[in-house]
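Asker: Please work from the sequences and hints to get the whole structure.
Line order of the protein sequences matches chains A and B. Numbers 1 to 177, taken from the working numbering, label the letters of the first sequence in order. Numbers 1 to 177, taken from the working numbering, label the letters of the second sequence in order.
Any given hint could turn out to be false.
[Claimed, not checked] Chain B is faced by these chain A residues, among others (derived, beta-carbon under 10 Å):
| # | residue |
| --- | --- |
| 1 | S73 |
| 2 | F104 |
| 3 | L110 |
| 4 | T112 |
| 5 | V147 |
| 6 | F150 |
Since the hints were derived computationally from the structure, they do not count as laboratory data. Glycine residues also receive a C-beta, built at the ideal position from the N, C-alpha and C atoms.
2 protein chains.
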Amino acid sequence: MNLNMLTTTGRPVHRVWRVGADIDTDALAPGHAMKHGVDVIAKHCLEAIRPEFAAQVRPGDVIVAGPNFGIGSSREQAAAVLVQLGVAAVIAPSYSGLYFRNAFNVGLLLLTCAEAETLEEGESITLDTRTPALHTAGARALACEPVPDFLMEMVDAGGLLRLLRQRMAARKEVDAH
Amino acid sequence: MNLNMLTTTGRPVHRVWRVGADIDTDALAPGHAMKHGVDVIAKHCLEAIRPEFAAQVRPGDVIVAGPNFGIGSSREQAAAVLVQLGVAAVIAPSYSGLYFRNAFNVGLLLLTCAEAETLEEGESITLDTRTPALHTAGARALACEPVPDFLMEMVDAGGLLRLLRQRMAARKEVDAH
Numbered sequence: 001m002n003l004n005m006l007t008t009t010g011r012p013v014h015r016v017w018r019v020g021a022d023i024d025t026d027a028l029a030p031g032h033a034m035k036h037g038v039d040v041i042a043k044h045c046l047e048a049i050r051p052e053f054a055a056q057v058r059p060g061d062v063i064v065a066g067p068n069f070g071i072g073s074s075r076e077q078a079a080a081v082l083v084q085l086g087v088a089a090v091i092a093p094s095y096s097g098l099y100f101r102n103a104f105n106v107g108l109l110l111l112t113c114a115e116a117e118t119l120e121e122g123e124s125i126t127l128d129t130r131t132p133a134l135h136t137a138g139a140r141a142l143a144c145e146p147v148p149d150f151l152m153e154m155v156d157a158g159g160l161l162r163l164l165r166q167r168m169a170a171r172k173e174v175d176a177h
Numbered sequence: 001m002n003l004n005m006l007t008t009t010g011r012p013v014h015r016v017w018r019v020g021a022d023i024d025t026d027a028l029a030p031g032h033a034m035k036h037g038v039d040v041i042a043k044h045c046l047e048a049i050r051p052e053f054a055a056q057v058r059p060g061d062v063i064v065a066g067p068n069f070g071i072g073s074s075r076e077q078a079a080a081v082l083v084q085l086g087v088a089a090v091i092a093p094s095y096s097g098l099y100f101r102n103a104f105n106v107g108l109l110l111l112t113c114a115e116a117e118t119l120e121e122g123e124s125i126t127l128d129t130r131t132p133a134l135h136t137a138g139a140r141a142l143a144c145e146p147v148p149d150f151l152m153e154m155v156d157a158g159g160l161l162r163l164l165r166q167r168m169a170a171r172k173e174v175d176a177h
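Answerer: So, in structure tokens, the structure goes:
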């Protein structure tokens with residue numbers, strides 16, 4: 001693996017966790033844990049599929065999945081747990097519409113990538129969120145669907161509520177002068 | 001067709017327009033018309049696939065599509081044109097995540113229905129948006145994925161901005177007393 005090629009771009013390197021198709025919100029935020037806060041629910045994230053995930057995932061890692069990621073209930077915690085665990089992005093060919101909505105609202109980046117499933121467990125990649133595309137250590141570039149600026153702003157701010165708070169604070173500062 | 005069975009529920013009857021899979025935003029809001037307002041863009045909606053659509057669609061009609069409805073660009077007009085034309089809902093097995101987000105923001109109801117493609121062109125159906133499910137004249141019930149209350153509120157209000165304006169007005173009224 002040519003990690004040099006990745007790191008010379010100056011972009012952080014992300015480790016891939018591979019999961020399958022149709023990962024539902026109950027796998028991400030199990031029903032039995034839903035009475036707790038996101039910090040506790042996060043400890044059970046993906047336990048039915050990848051029991052080691054919650055303990056071993058590191059900030060900056062990415063989840064690479066098959067189609068229809070996030071189907072099931074509307075529970076926002078299914079996206080918030082991945083933010084809590086420091087997951088940098090989910091990369092999949094398609095998402096539940098509702099999960100796509102919730103994810104950006106809580107600051108989780110979702111990349112829609114037709115070739116996502118060609119990535120392998122443990123592989124190292126970099127993300128170019130502006131193009132957007134992702135790059136493998138083997139110098140493959142996988143195109144992703146564009147993410148509009150307003151959604152990237154939500155991700156950068158850490159979610160919609162934080163973005164609105166930032167804007168209101170900036171507005172107050174302007175008004176005060 | 002037993003229209004009685006449909007109308008005795010008291011719910012409006014919707015006429016089906018069938019389109020295929022992967023309907024993109026350029027088919028819904030063609031690039032050449034994007035310099036105009038939504039009222040003009042709407043006249044070109046689906047012209048490449050169903051040239052008669054924009055002229056013949058009636059308020060309350062529904063679009064029934066294959067998977068990945070709304071892929072392509074982030075242009076919000078691709079959802080707004082269907083509201084402009086009075087389309088009551090889109091019914092499809094899956095949507096582009098971005099389209100799903102934009103649609104509810106502009107007040108367009110999207111129903112996610114695994115069996116959508118079993119519906120036929122010109123068929124009459126009723127929608128039960130609470131269950132949610134849709135019912136055919138032949139008494140078939142097709143289940144749809146739940147639509148959370150906050151999204152139904154956006155649809156009922158005619159979009160996110162109108163919902164926020166309603167809430168602010170209600171708040172002011174409370175404050176004034």
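Asker: Does each hint hold? Answer for all of them.
Answerer: Verification of the hints:
The criterion of a C-beta within 10 Å of any C-beta in chain B is met by S73(A), whose closest approach is roughly 7 Å, and the hint holds. At about 8 Å, the closest approach between the beta carbon of F104(A) and any beta carbon in chain B falls short of 10 Å, and the interface hint on this residue holds. Evaluation of the L110(A) hint against chain B yields a held restraint, the C-beta minimum of about 7 Å falling below 10 Å. Nearest Cβ of chain B to the Cβ of T112(A): about 7 Å, under the 10 Å cut. The hint holds.
Taking 10 Å as the C-beta cut-off, the interface hint given for V147(A) holds, the closest approach to chain B being about 8 Å. Taking 10 Å as the C-beta cut-off, the interface hint given for F150(A) holds, the closest approach to chain B being about 9 Å.
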